[in-house]
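Here the protein sequences line up with chains A and B, keeping their order. Heads up, the first sequence is in my numbering, so the first residue is 46 and it goes up one at a time. Heads up, the second sequence is in my numbering, so the first residue is 46 and it goes up one at a time.
If you are wondering where the hints come from, they were derived from the structure by calculation, not from laboratory data. Computed from a predicted structure; not experimentally measured. Hints may be right or wrong, so weigh each one.
[Said to hold, decoys possible] Each computed DSSO-like pair below joins lysine-lysine, with the alpha-carbon atoms no more than 27 angstroms apart:
#	chain 1	residue 1	chain 2	residue 2
1	B	LYS124	A	LYS253
2	B	LYS434	B	LYS410
3	B	LYS429	A	LYS150
4	B	LYS361	A	LYS361
There are 2 protein chains.
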Amino acid sequence: MNVSIITIGDEILIGQVVDTNSAWIGKKLNESGFTLREILSVSDNLEEIKDAISRSFNKSSVVLVTGGLGPTKDDITKKALCEYFNVESVFHEETFSRITKMFEKRNFPISSSHRDQCYLPANAIVLKNDLGTAPGMWIDHHGKVLVSMPGVPHEMYHLMEERVLPKLKAFYDGPPVKHLTIRTAGVGESVLSDMLSEIESNLPDCVKLAYLPDVGQVRLRFTIKGLPENEMDDILNTLKLSTLQKLGNLVYATEDMALEEFIGKELIKKGLKLVTCESCSGGFLAHKITSIAGSSEYFLGSIVSYANEIKHDVLKVPEEILRQFGAVSQETAEAMIKGGLELTGADIAISITGVAGPGGGTDEKPVGTVWIAVGNAEKIHAKKFYFTKDRIRNIQYSAANGLVMLRKFLLEN
Amino acid sequence: MNVSIITIGDEILIGQVVDTNSAWIGKKLNESGFTLREILSVSDNLEEIKDAISRSFNKSSVVLVTGGLGPTKDDITKKALCEYFNVESVFHEETFSRITKMFEKRNFPISSSHRDQCYLPANAIVLKNDLGTAPGMWIDHHGKVLVSMPGVPHEMYHLMEERVLPKLKAFYDGPPVKHLTIRTAGVGESVLSDMLSEIESNLPDCVKLAYLPDVGQVRLRFTIKGLPENEMDDILNTLKLSTLQKLGNLVYATEDMALEEFIGKELIKKGLKLVTCESCSGGFLAHKITSIAGSSEYFLGSIVSYANEIKHDVLKVPEEILRQFGAVSQETAEAMIKGGLELTGADIAISITGVAGPGGGTDEKPVGTVWIAVGNAEKIHAKKFYFTKDRIRNIQYSAANGLVMLRKFLLEN
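Isolated chain A (complex conformation) (with noise of 0.2 angstroms):
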């Protein structure tokens, strides 16, 4: 079934505001074996969303729309939507009164803007919106349907996934799909390929198998359709022992989970208790670990020690060290472990340090050189990386790194 997105505001349009909703809403649906046949970015005019419209149901069967729904005078989508189906805007009393509730829980005023989002066009179909006052609208017509969501991120994902995608998957009568998801760390998508070669060239014609990368880790797919449900089963079940084969270690998931979840019940598993003392990752490695529920079990926290007087006053990185080799060095990442381990009692430390930038390199020590280390009282494991130029991109492969790194040593240890 054929997809189009439409993305209606000024704001993508001067380039205020880069869209990364329809990246996540092209994987989504391509995950579920939809089709997304484009995407179309438009500004927050009424005649040229109605036209949007028209295009989107020339090309496809659902069209999915995102943004102008927020309470001023500049979101415009609901007029628009009532004059493209040429239905009144009634009032939506259910949703006045979860807005209600939600300000007064708040103690907040709610207004008269606020009032005016609890008008829909009255061919809607209402999608509770949990996370925000601007509810998702579903519209049947003829045979083909409007989905219209807010285009504040988390919004839009949660409606996506609690509201959208389960009535799509309802909707859609095409031949089964189904995935397979295998989750690698530690090398890169061409390394990979070349590893996957001979499995992907006896690939059957049913089957599709994508590379998803990401910051140090790559997702493969393999997509089946258009045979009884079993023999894909089947299939996809020789395909993940092949893989494994192949792939070995370099495997941490057959399913779709993130690196810093995986960990997370490695140490469960092992009753292991975790700090990070971070330097250039400022935050992020700990960040990324605590984004997983119930990461309290295993994660004591982070000494975030940016300044240098933190590594030596807190982290008890010794002042000659700090002086002879500097603070991006091996010496001061395995100091940084040492002085996790002893200050918060825990099993096992990771440490990162290094030169994010724009700032602080040198010809010895260039923006993007980073020493990440991992230990545990009796060992520990220190790695030099050269990075990037890009202080955001330093920390993001900082703290994605430092996962790898430490997933190795859970499994070696």
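Fit chain B to the supplied structure of chain A, relying on the hints for placement.
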């Protein structure tokens, strides 16, 4: 003059890649006074590309196409251009000799697919690409223009800045556009909209006001066009003053700047060093702060005291406080401030402790309950929040509201 963008590539539609090119182009066009009317993303498919070109020419006099020019992919974009304009593809000697030199310099062999890159539509004016093999192409068509560029960001930036924008400016000088961005923190879109209702209903027709909400913050953007430059400046200045008058302290910048960047500048101005003491935000506040280049000038670090032992052992929160009031309490938040200041010698500290969820909630302290405190050696401000049921949201709201409180404290003390 209206411009349309077409981005070509399956990787965009399956969500493997976020289209950041379009936002970059949108910003550049907007700065130059051109109007980006729409962005259309389509797959690597001949018919889809030709259809996209024809639809875009219906909308705009300039069509900018990115992607589909690489050596590994078949030249689907060039093929589509030849078919759409009904022209042959011809070998471009100059491009071949440029690519040959480029490869000789790097000691790379030149492949047949690189030779294929030198076949270009006969009606194309070649735009030399100094940073890659695929040249840009400028095609005049019945008084309109199509420009084709590679999708690799830095090559596209180079072609836009050096070749395309200068030619577009010569081709057409549109009416200038000006923007005024005002950054606010602390209240939502609808409260702001109520406060600005008078200003908004008296806006001249040539001015548009957009509300761009983010977690804990709203960006206001006034856009004006079509008047002489000095008149537009006058109108925007008047709007800036009246907005500041209405919103007062809710405004933290009258330019486009993140709140964490503003806070950094304030800390530098006042010569203060900051430490963060985080529990439920799990390092995310430290991550936001350290995403700003130069933050090492004012940020000492963070103690992410996820476990109570760390609150007690490292931040010296007295055991009686943890026992009597619990980790999520005003008393603990304040003790974390005192401990953080003492431990690190910082001038100012911020602490966050709450129930991120999904577990850990009680009737008295449900998921989403968060205490945030900001303080120095003389005084501490603490505040209780009820955020959401969603873990990731609670982490983001905690950090965002922490920044809002930090700014307030810096202004008042």
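Results of checking the hints against the structure:
no. : hint                   : verdict
1   : B/LYS124 with A/LYS253 : holds (26 angstroms)
2   : B/LYS434 with B/LYS410 : holds (12 angstroms)
3   : B/LYS429 with A/LYS150 : holds (13 angstroms)
4   : B/LYS361 with A/LYS361 : holds (17 angstroms)
The structure meets every hint from the earlier list without exception.
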